[in-house]
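Protein chains: 2
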Amino acid sequence: MKMNIETPALVIDYGKTIRNIKEMQALANKSGKRLRPHAKTHKIPYLAHLQINEGAVGICAQKVSEAEVFAKSGINDILISNEVLGEKKIRKIFELINLGNKISVAVDSHIGIRELETIGKEYSNYVEVLVDVDVGMNRCGVNVNDNNSLEKIVDSLKNSPHVLFKGFMGYDGHTANIKDLKLRAEAVEKGYQDILKIKRLFEKKGLHADIVSVGGTPSASLWALKEEINELQPGTYVFYDIHQVELGVTDIDHISAYVLSQVISRAEDRVVLDVGYKGITIEQGIYPTVVSHKWLAVKSMSEEHTVLKGSPLPDYEEKVQLIPYHVCPTIDLWDEAILVNNDKVITSLKIEARGKKL
Amino acid sequence: MKMNIETPALVIDYGKTIRNIKEMQALANKSGKRLRPHAKTHKIPYLAHLQINEGAVGICAQKVSEAEVFAKSGINDILISNEVLGEKKIRKIFELINLGNKISVAVDSHIGIRELETIGKEYSNYVEVLVDVDVGMNRCGVNVNDNNSLEKIVDSLKNSPHVLFKGFMGYDGHTANIKDLKLRAEAVEKGYQDILKIKRLFEKKGLHADIVSVGGTPSASLWALKEEINELQPGTYVFYDIHQVELGVTDIDHISAYVLSQVISRAEDRVVLDVGYKGITIEQGIYPTVVSHKWLAVKSMSEEHTVLKGSPLPDYEEKVQLIPYHVCPTIDLWDEAILVNNDKVITSLKIEARGKKL
Numbered sequence: 001m002k003m004n005i006e007t008p009a010l011v012i013d014y015g016k017t018i019r020n021i022k023e024m025q026a027l028a029n030k031s032g033k034r035l036r037p038h039a040k041t042h043k044i045p046y047l048a049h050l051q052i053n054e055g056a057v058g059i060c061a062q063k064v065s066e067a068e069v070f071a072k073s074g075i076n077d078i079l080i081s082n083e084v085l086g087e088k089k090i091r092k093i094f095e096l097i098n099l100g101n102k103i104s105v106a107v108d109s110h111i112g113i114r115e116l117e118t119i120g121k122e123y124s125n126y127v128e129v130l131v132d133v134d135v136g137m138n139r140c141g142v143n144v145n146d147n148n149s150l151e152k153i154v155d156s157l158k159n160s161p162h163v164l165f166k167g168f169m170g171y172d173g174h175t176a177n178i179k180d181l182k183l184r185a186e187a188v189e190k191g192y193q194d195i196l197k198i199k200r201l202f203e204k205k206g207l208h209a210d211i212v213s214v215g216g217t218p219s220a221s222l223w224a225l226k227e228e229i230n231e232l233q234p235g236t237y238v239f240y241d242i243h244q245v246e247l248g249v250t251d252i253d254h255i256s257a258y259v260l261s262q263v264i265s266r267a268e269d270r271v272v273l274d275v276g277y278k279g280i281t282i283e284q285g286i287y288p289t290v291v292s293h294k295w296l297a298v299k300s301m302s303e304e305h306t307v308l309k310g311s312p313l314p315d316y317e318e319k320v321q322l323i324p325y326h327v328c329p330t331i332d333l334w335d336e337a338i339l340v341n342n343d344k345v346i347t348s349l350k351i352e353a354r355g356k357k358l
Numbered sequence: 001m002k003m004n005i006e007t008p009a010l011v012i013d014y015g016k017t018i019r020n021i022k023e024m025q026a027l028a029n030k031s032g033k034r035l036r037p038h039a040k041t042h043k044i045p046y047l048a049h050l051q052i053n054e055g056a057v058g059i060c061a062q063k064v065s066e067a068e069v070f071a072k073s074g075i076n077d078i079l080i081s082n083e084v085l086g087e088k089k090i091r092k093i094f095e096l097i098n099l100g101n102k103i104s105v106a107v108d109s110h111i112g113i114r115e116l117e118t119i120g121k122e123y124s125n126y127v128e129v130l131v132d133v134d135v136g137m138n139r140c141g142v143n144v145n146d147n148n149s150l151e152k153i154v155d156s157l158k159n160s161p162h163v164l165f166k167g168f169m170g171y172d173g174h175t176a177n178i179k180d181l182k183l184r185a186e187a188v189e190k191g192y193q194d195i196l197k198i199k200r201l202f203e204k205k206g207l208h209a210d211i212v213s214v215g216g217t218p219s220a221s222l223w224a225l226k227e228e229i230n231e232l233q234p235g236t237y238v239f240y241d242i243h244q245v246e247l248g249v250t251d252i253d254h255i256s257a258y259v260l261s262q263v264i265s266r267a268e269d270r271v272v273l274d275v276g277y278k279g280i281t282i283e284q285g286i287y288p289t290v291v292s293h294k295w296l297a298v299k300s301m302s303e304e305h306t307v308l309k310g311s312p313l314p315d316y317e318e319k320v321q322l323i324p325y326h327v328c329p330t331i332d333l334w335d336e337a338i339l340v341n342n343d344k345v346i347t348s349l350k351i352e353a354r355g356k357k358l
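The listed protein sequences derive, respectively, from chains R and C. Each residue of the first sequence is one higher than the one before, counting from 1 in the numbering used here. Each residue of the second sequence is one higher than the one before, counting from 1 in the numbering used here.
One or more hints might be untrue.
Pairs involving identical chains hold if they fit within one copy or between any two copies, as the list cannot separate such chains.
Simulated crosslink set (EDC-like; lysine to aspartate or glutamate; CA at most 16 Å straight-line) [stated by the list, open to error]:
id, residue 1, residue 2
1, Lys356, Asp335
2, Lys350, Asp335
3, Lys350, Asp13
4, Lys88, Glu317
5, Lys356, Glu336
6, Lys205, Glu283
7, Lys356, Glu6
8, Lys197, Glu352
9, Lys204, Asp155
10, Lys92, Glu122
11, Lys309, Asp269
12, Lys319, Glu87
Note that these hints are calculated values from the structure, not bench results.
Isolated chain R (complex conformation) (with noise of 0.2 Å):
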């Protein structure tokens, strides 16, 4: 740890990020399917145009606002990989319409649709819509068997002029806690059924889907070899964290951004870093890794520090590394990055779409 960074700071790795983000562009061209990587992982547009220069088709954000700071980053293809309610973030999306940009946004009701609709009529606009297909996570998305909701959507989507039928989503965060890998394809191709179920149906009603897009960063690899999923949206690739390395998606190596912190505090059986949970997320109860001394290990952690354990034990303002067992929550902790570079210091980026929740 030679560089000179105040601490604590979150720390992007450019060459090991720039390396990430051309392997899972190679992996998606390789397939043939598009990559539009989810941006809610980095939330600095800096990265997303580094995404769209190696080949990403646009990108997915996960709230309006978050689109809204993209789009004006000069994005002009963006998802909003959710179902968007109520009339200020509608309105708001047809703003960013009006301005040139293509925003697509996830559906999974004939509610969701007809609210769309009502305030694109008054925009003299359409927006893009994908159904958004319960792929086996029981969050968002409509079930395969929900015959009712099914029908309204196709009934609701024909019967809506400024509402475009595009195609389907699908998001498999369940599929990121198997860690076997043959089970995980299970669920994968359990997945890939509905979604082709829900994509007959609608081609028999006369909605043709143009776009299938799908997947997470431990899935991607999995979607990839389905013919009719033709864009993977991946998010946490760009950084990688200890569950992708649990889950044998990569290795610690290819880890790009940790929390730097400093040795504050000693006594004989630990010593006190100046990060605690505020700067580095606890997930599923799990510590962050410290990677700069791995005989360490975290003993406990408060709002603004982090006691550790291990021998030897690091001296007064030692700089210590620590991963997080999951990166996106962690990234959003804080407003600005310092980017790094063969071990110099680049320049800092600001965290531009965090702390926005329309």
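Model the placement of chain C on the given structure of chain R, informed by the hints.
Frame of chain R; chain C shown alone:
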């Protein structure tokens, strides 16, 4: 929920908050203790000023950068209740002192004192310090049995004209995990005895404490009974949370901050809200509590979604109020809060000291 608030939103109820502030001030006044609320809970200058208007002597901050925000807001008596190491951070402390602010800081090693002395000399000014005592939390603070460190601290204080010994502080975060009040009182008494032993040792060496500043919200009323304690530093009481209710410290009606969300997706067995753990934290594995629909419980959470189960399920766009188990890290996720009073929206408050890491 009659108010027209765009979801998701962090909402602070003025009436309940000012009642919490007055009640804690009354407890301190009644026991003849000074109150120095910990501003790390709210990070909002306006609320710190309310606390001072009601009688608080100043505030605690946990980072130098937080202290800077509050100092710039016009609060000039700030204890940084944390160990500060590193030139840039210490320079900032002396710059704030040179602007006429009374900034004091915790120390638990002669290393920390030496750094303060070196830079204080350069600024031709002094900083007041409180020696941080490990009162049983096993985080920062010098241990009562660590004679070697205690001796070095005494020596360096005596030989550091730019570091003014003012007394002691201790934070007993461990007592917040003791639900039984009698056992919690015993843990506080044990910590108190450790402080007294160190206090006596310092007195023998000619170092007399003006200030002994301790305690969090769950233990404030217990420390208030101790004769040689003269300052209390609770933070959470400004809003309270489910954890404090479980500890028997308050009741649910006193909780004055919540997250407002709406239903964006429905299925037979669940609804999905438009906020997840990027807007309301999971603490110790414990999900938020649904207060607007007490018959509903959180089934799962992800970054931007919370899935609720129970019956009857709310409709699309129905507003749902969530209260976190631990309020401090939830506040820290937001850039601003909506201040309401008597069910009317009054203004929005910027959470100015969040995202400041120095």
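Cross-check of the supplied hints:
no. : hint              : verdict
1   : Lys356 <-> Asp335 : both (12 Å within a copy, 8 Å between copies)
2   : Lys350 <-> Asp335 : both (6 Å within a copy, 14 Å between copies)
3   : Lys350 <-> Asp13  : within (15 Å within a copy, 31 Å between copies)
4   : Lys88 <-> Glu317  : between (48 Å within a copy, 13 Å between copies)
5   : Lys356 <-> Glu336 : both (14 Å within a copy, 10 Å between copies)
6   : Lys205 <-> Glu283 : neither (44 Å within a copy, 47 Å between copies)
7   : Lys356 <-> Glu6   : between (26 Å within a copy, 12 Å between copies)
8   : Lys197 <-> Glu352 : neither (39 Å within a copy, 50 Å between copies)
9   : Lys204 <-> Asp155 : within (13 Å within a copy, 86 Å between copies)
10  : Lys92 <-> Glu122  : within (13 Å within a copy, 54 Å between copies)
11  : Lys309 <-> Asp269 : within (6 Å within a copy, 44 Å between copies)
12  : Lys319 <-> Glu87  : between (48 Å within a copy, 14 Å between copies)
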